[in-house]
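S.K.: Residue numbers (our numbering), protein chains in the order written: chain A, 1 to 761; chain B, 1 to 286.
There is no bait here: all hints are sound.
The calculated SDA-like cross-link candidates involving lysine to any residue, where the alpha carbons are at most 25 Å apart (straight line), are: (1) B:Lys256 x A:Leu688; (2) A:Lys27 x A:His505; (3) B:Lys80 x B:Thr60; (4) B:Lys37 x A:Arg119; (5) A:Lys199 x B:Ala260; (6) B:Lys256 x A:Leu678; (7) A:Lys503 x A:Asp26; (8) A:Lys127 x B:Phe24; (9) A:Lys440 x B:Val269; (10) B:Lys146 x B:Arg66; (11) A:Lys60 x A:His154; (12) B:Lys157 x B:Arg66; (13) B:Lys256 x A:Asp143.
These aren't lab readings, by the way, just hints derived from the structure by calculation.
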Amino acid sequence: MAHDNSYTGQKFEVVGNRFLRPDGIDKVTGKARYGADANAPGQLVGLVLRSPHAHAKIKKIDTSKAEKLPGVKAVITSDDLPDLTGGNAGNAHILENCMARGRALYDGHAVAAVAAVDRQTARQALKLIKVSYQKLPHVTDVDEAMAPDAPVIHDWCFTAGLEEKPTKPSNIANRTQMGHGDVDAGFAAADVIIEKSYKTEQTHQGYIEPHACLASVNPDGTSELWVTTQGPFSYRSVCAALLGLDIAKLKVTSSEIGGGFGGKTHVWTEPLALALSRKANRPVKLVMTRDEVFRATGPTASTSVDVKIGATRKGKITAATLELRYQGGAFPGPWAMLACMTGFACYNIENQRSVGWDVIVNRPKVAAYRAPSAPMAAYAVESTMDLVADAIGMDAVDFRLKNVAKEGTQAPYGPIYGPIGIEAALKAVKKHPHMKSRLKKGQGRGVACGFWFNIGGQTCVDLNIGTDGTVNLAVGTVDVGGARSSLAMIAAEELGVGYDDVKVHVADTSSLGHNDTTEGSRGTFSSGMAAIFAARDAIEVLKGRAAKMLDVPVEDIVWEHGEARATGKGHGNLPKLSLKEIAAKSPNTGGPIAGHNEVVADGAGMGFAAHICDLEVDQETGHTEILRYTVVQDAGKAINPDYVEGQFQGAAAQGIGWALNEEYIYGKDGRLQNPGFLDYRIPVCSDLPFIDTKILEIPNPTHPYGIRGVGETSIVPPLGAIGNAIANATGVRMNHVPMSPVRVLDALDQAAQYEEQVSAG
Amino acid sequence: MRYESPATTKEAVALLAKEKGAAFILAGGTDLLVRMKMGLAEPDLVVDIKRIPDMNTIKTTQTGFRIGAGVSGAQLTAHKAINKAWPGVVEATHLIGSDQIQGRCTMAGNLCNASPAADSVPAMIAAGAKAIVVGKGKRRTVPVEKIVTGPGKTSLKKGEVVEAITLPKPAKRTGDAYLRFTPRTEMDIAVVGVGISMTLERGVVKKARVCLGAVAPTAVLVPAAARALVGSKLDDAALNKLVAACAKACNPIDDKRGTAAYRTRVAGVLAKRAAKIAYKRAGGAA
Numbered sequence: 001m002a003h004d005n006s007y008t009g010q011k012f013e014v015v016g017n018r019f020l021r022p023d024g025i026d027k028v029t030g031k032a033r034y035g036a037d038a039n040a041p042g043q044l045v046g047l048v049l050r051s052p053h054a055h056a057k058i059k060k061i062d063t064s065k066a067e068k069l070p071g072v073k074a075v076i077t078s079d080d081l082p083d084l085t086g087g088n089a090g091n092a093h094i095l096e097n098c099m100a101r102g103r104a105l106y107d108g109h110a111v112a113a114v115a116a117v118d119r120q121t122a123r124q125a126l127k128l129i130k131v132s133y134q135k136l137p138h139v140t141d142v143d144e145a146m147a148p149d150a151p152v153i154h155d156w157c158f159t160a161g162l163e164e165k166p167t168k169p170s171n172i173a174n175r176t177q178m179g180h181g182d183v184d185a186g187f188a189a190a191d192v193i194i195e196k197s198y199k200t201e202q203t204h205q206g207y208i209e210p211h212a213c214l215a216s217v218n219p220d221g222t223s224e225l226w227v228t229t230q231g232p233f234s235y236r237s238v239c240a241a242l243l244g245l246d247i248a249k250l251k252v253t254s255s256e257i258g259g260g261f262g263g264k265t266h267v268w269t270e271p272l273a274l275a276l277s278r279k280a281n282r283p284v285k286l287v288m289t290r291d292e293v294f295r296a297t298g299p300t301a302s303t304s305v306d307v308k309i310g311a312t313r314k315g316k317i318t319a320a321t322l323e324l325r326y327q328g329g330a331f332p333g334p335w336a337m338l339a340c341m342t343g344f345a346c347y348n349i350e351n352q353r354s355v356g357w358d359v360i361v362n363r364p365k366v367a368a369y370r371a372p373s374a375p376m377a378a379y380a381v382e383s384t385m386d387l388v389a390d391a392i393g394m395d396a397v398d399f400r401l402k403n404v405a406k407e408g409t410q411a412p413y414g415p416i417y418g419p420i421g422i423e424a425a426l427k428a429v430k431k432h433p434h435m436k437s438r439l440k441k442g443q444g445r446g447v448a449c450g451f452w453f454n455i456g457g458q459t460c461v462d463l464n465i466g467t468d469g470t471v472n473l474a475v476g477t478v479d480v481g482g483a484r485s486s487l488a489m490i491a492a493e494e495l496g497v498g499y500d501d502v503k504v505h506v507a508d509t510s511s512l513g514h515n516d517t518t519e520g521s522r523g524t525f526s527s528g529m530a531a532i533f534a535a536r537d538a539i540e541v542l543k544g545r546a547a548k549m550l551d552v553p554v555e556d557i558v559w560e561h562g563e564a565r566a567t568g569k570g571h572g573n574l575p576k577l578s579l580k581e582i583a584a585k586s587p588n589t590g591g592p593i594a595g596h597n598e599v600v601a602d603g604a605g606m607g608f609a610a611h612i613c614d615l616e617v618d619q620e621t622g623h624t625e626i627l628r629y630t631v632v633q634d635a636g637k638a639i640n641p642d643y644v645e646g647q648f649q650g651a652a653a654q655g656i657g658w659a660l661n662e663e664y665i666y667g668k669d670g671r672l673q674n675p676g677f678l679d680y681r682i683p684v685c686s687d688l689p690f691i692d693t694k695i696l697e698i699p700n701p702t703h704p705y706g707i708r709g710v711g712e713t714s715i716v717p718p719l720g721a722i723g724n725a726i727a728n729a730t731g732v733r734m735n736h737v738p739m740s741p742v743r744v745l746d747a748l749d750q751a752a753q754y755e756e757q758v759s760a761g
Numbered sequence: 001m002r003y004e005s006p007a008t009t010k011e012a013v014a015l016l017a018k019e020k021g022a023a024f025i026l027a028g029g030t031d032l033l034v035r036m037k038m039g040l041a042e043p044d045l046v047v048d049i050k051r052i053p054d055m056n057t058i059k060t061t062q063t064g065f066r067i068g069a070g071v072s073g074a075q076l077t078a079h080k081a082i083n084k085a086w087p088g089v090v091e092a093t094h095l096i097g098s099d100q101i102q103g104r105c106t107m108a109g110n111l112c113n114a115s116p117a118a119d120s121v122p123a124m125i126a127a128g129a130k131a132i133v134v135g136k137g138k139r140r141t142v143p144v145e146k147i148v149t150g151p152g153k154t155s156l157k158k159g160e161v162v163e164a165i166t167l168p169k170p171a172k173r174t175g176d177a178y179l180r181f182t183p184r185t186e187m188d189i190a191v192v193g194v195g196i197s198m199t200l201e202r203g204v205v206k207k208a209r210v211c212l213g214a215v216a217p218t219a220v221l222v223p224a225a226a227r228a229l230v231g232s233k234l235d236d237a238a239l240n241k242l243v244a245a246c247a248k249a250c251n252p253i254d255d256k257r258g259t260a261a262y263r264t265r266v267a268g269v270l271a272k273r274a275a276k277i278a279y280k281r282a283g284g285a286a
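Same shape as in the complex, but just chain B:
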């Protein structure tokens, strides 16, 4: 196994593109190193992106935020402006692992690991986050929901690397929230996750995005759930429609972490609760 720690994204891309064997990108390593220890991943090449300066900073831009792929959960949590703009995204990322894991884990890594249960992903999708993908000689910006294609699978091509995640500047009276269900309080993996963002006008939901995690092979953006909220002041009828839309969008499996029926049921419960938090954060009267 070779280990490389390039200084630029360009070098990283070149290394990954050239490698004939199994190549892996190391950001925080909180998934990769565990997989290697368990013998589930046996890389020929590991490219560590932590030494690439561009990937280790959070930048505030005119259109929002650019979060480098190597930025840790702890760095994100400490960033005041992002906390204010997208508290749900920060909370979701903060749920990854434990305090120790937070010092290493990254949003981009959480995304590219492509687990259906990744915590930061539904929150990012709800917030309208995009991934900046760099390949040999080209760079593209992709909505986060287009990155993961199935458990462990992404739309990234050989030699491509996510350089950063962008979050838009939230419109006025926008709030977001992420809730997940786990049997334990931490060090756990979502049985169901729900990310919701919404923008209000005079207390009425004008725009919304609802994304479910861990209830299908990938995180699912649920337009019907968003439609259930739009035009409402989050009254019971709207919330009931939200619950029904979420249940309909669920395509979970029975597994060791929960039954399909349980996941479908709890997706609605959490959606309702997350909607209330997002509404309040957007300035709506609780």
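Pulled out of the complex, with its shape left as it was, chain A reads as follows:
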């Protein structure tokens, strides 16, 4: 049945309330089953041998001793993973990333794997594998990798997107350009032009649960994979393609997930676990260590960005350009392109151009991290926005409002915006009590904006009504942030039953049609839309059954508040029938009552946010303490406000960590120096103040309930907000993230030396 996804302004009874999350008790009592919590009879322990070199030719791998060790049931190298990708470059890169093929491309790149009866034996087996490496020159910095004399990592990499095809390979995989208007004329019309360059270091999603799976491949070609993932269907397609399995014969079940933030949208060791299981003919459990998670999964890009913004004295931006250099690790990626699309998205800039360079370096293959690529571009833009506002003597929030994007503004990547929330967010910031609170000496305040697209995509749900009137909703989008609660509320709203009457579960890949991965803040948006449609289908069935029970034509039945009622002449004294009553009779009126929906959920509403940050800088140590933090973001419609706030707070917390301390530190040898949570510093609770939130609800016109994705946008503003607040507190503009104590003290010193020189004349 075709359904309309337009927003209708429907009044809600269930939606908008705060209900407990259904998975909460299991999670706090330790009952929830995560990736490492599945076991199978006869299972083996899988471990992976990884390259200690940043870049090396693998001359030989001798596995004979490991294979002879009692208790070892399988040893694999890339020889056990023949290339079946048939010209699909994306899959070929994934295959090579999962296991090195003749060359180790980064510190931590897998070169072999073993499956043994226990962990000790598997560890011993790894030590018995002899790999002869020939070290090759390496490069890990994005700017150095672009230099003409940089070691070229792949001889097949010729820069795409240039007018003339290059004659020599380089580390630049792709050039992207977008924008509109006449930039030169725009700058010519500017009274003030500010140009500045920024760098941001590589960060990791930092999910607490490491990647873990249990793989079992049977001789008849059927197989199962229990795994912590954001996208069981995508894992299924990719694993099936890499291992030559039939999609329908590989059942992927997603476990509870201990954080993903984009890092669990791609496969890492799962194909290795399947290959080990296939070779050993036993189930194989493979759990990554934290060290492996840092060295060999998918952190976000480190970047180098140039911004130029021109404005009139009255505060109108006349032109702006961005030059974005993003490293995607050892393989090409879309990361600079995404940055081009997002950098100026909060503003109405008539003349703008963004140029992106996707660069290959000897680091792990970059993956999505919450609003991937947007925070770094926004850091550069939002910092420069404050500099321009300063230069023309205008309040930084007023300057943003003067140039804010609205309905009808053209986005950097082309389309014209519908109703969006950035103007409302900035106005809410201006009015917020936070902005009126007094700052003490040494403290500073910063404001910054952020944008994220949000996506929809392929979605499929099943809704089944039991004979007692309780409801099962099976969805295929993994619940990463409380979606099961929101989806239960949506189904309850449509059917007119209670929240507690609906049980939502995430189905395995054999039980539903393809669902795209939970990414792009799509879970509640997409599965919510499908759940509405499935419930409406079920209501049609319920009406039919009611008609039968009341013996009236179905056209005379209306559905109101969870009840069927007959309207029209002569039906006045017929009873109303509740969903429970109809369900109880269902065995005799036509069997099970169900609704189903498959949809490509189009029209994901864009997400916009503005943040306020107060902080204090210890001018003797460079340490920054966040004192107060407020998030304002447009949610379209907050289904369960508790979890919307949770998303805002979590995203801001990750952004704060990124801004202040988190970074991949590579040594001169190209090896990662800090693959652990001691020296890769995500914030702990005591590092953060309570993060205050304000939800705006500007309905998304292309969702029945007006929902916009909420999960990602708020990781975008913190880098800029904190940079702006540090500048406000100290007078020093930081141009390198993280703004760690060492960097801040260094910048304060340089500024002080400069002052001395100036005053000394």
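Given the coordinates of chain A, work out where chain B should sit on it, guided by the hints.
M.R.: Same frame as chain A, now just chain B:
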């Protein structure tokens, strides 16, 4: 791997002395177990000292306190008399790890793990703490600063175990303090640590001990820094001398946790701040 949990120090010493392979002592295990999980330590023998009654008590003696090697950070923090006598030592020990770690970690373990960045060590050295070392048939008392010889290395001989740490009874008008710098508020490791103790007479510093952590291969006692304070009422001139003496004593490395220049600079900043706290605790007018 063998695991043993002897009931006496003597048995522990015998087990350690006899073992031919790699033997490790398990106190709180907050370093050892992590190293084992990471594959950095592969013991043939682990001797758990938590079951030795003598090692799990804090005793108040005529000369001060005797803190068993198995006493946890949480136990130490709960001990009122030590808090009163050596608040800096208690605070330093309390900085190890997190609340959860505090339930297990020990001062003796923090010392014998021999990390240059150990938090409790500069505070212990500043307070004049000693280690009671027991070996086969003999027992010796060693100033804490003589235990660690380099990163991961101690002066303990095969079969020797630290049974307890002693803290002296503080002289009247004595105060101590420990400050460390970490980027995070907790669950972190010192980039610089400074322990200071001092004794006053009519507001003038008579005796002082200053010890720096994380700025050299071991914690360093800095007599020149102490001399900068002695005879002063903690005026700016004395504090500036303290800063200079600390900077001179620093021999740090550039690493992922901070540059040498940063560590040297912040050592002085923290020394100044810690001196002010210790002075106030000793009864000096702030």
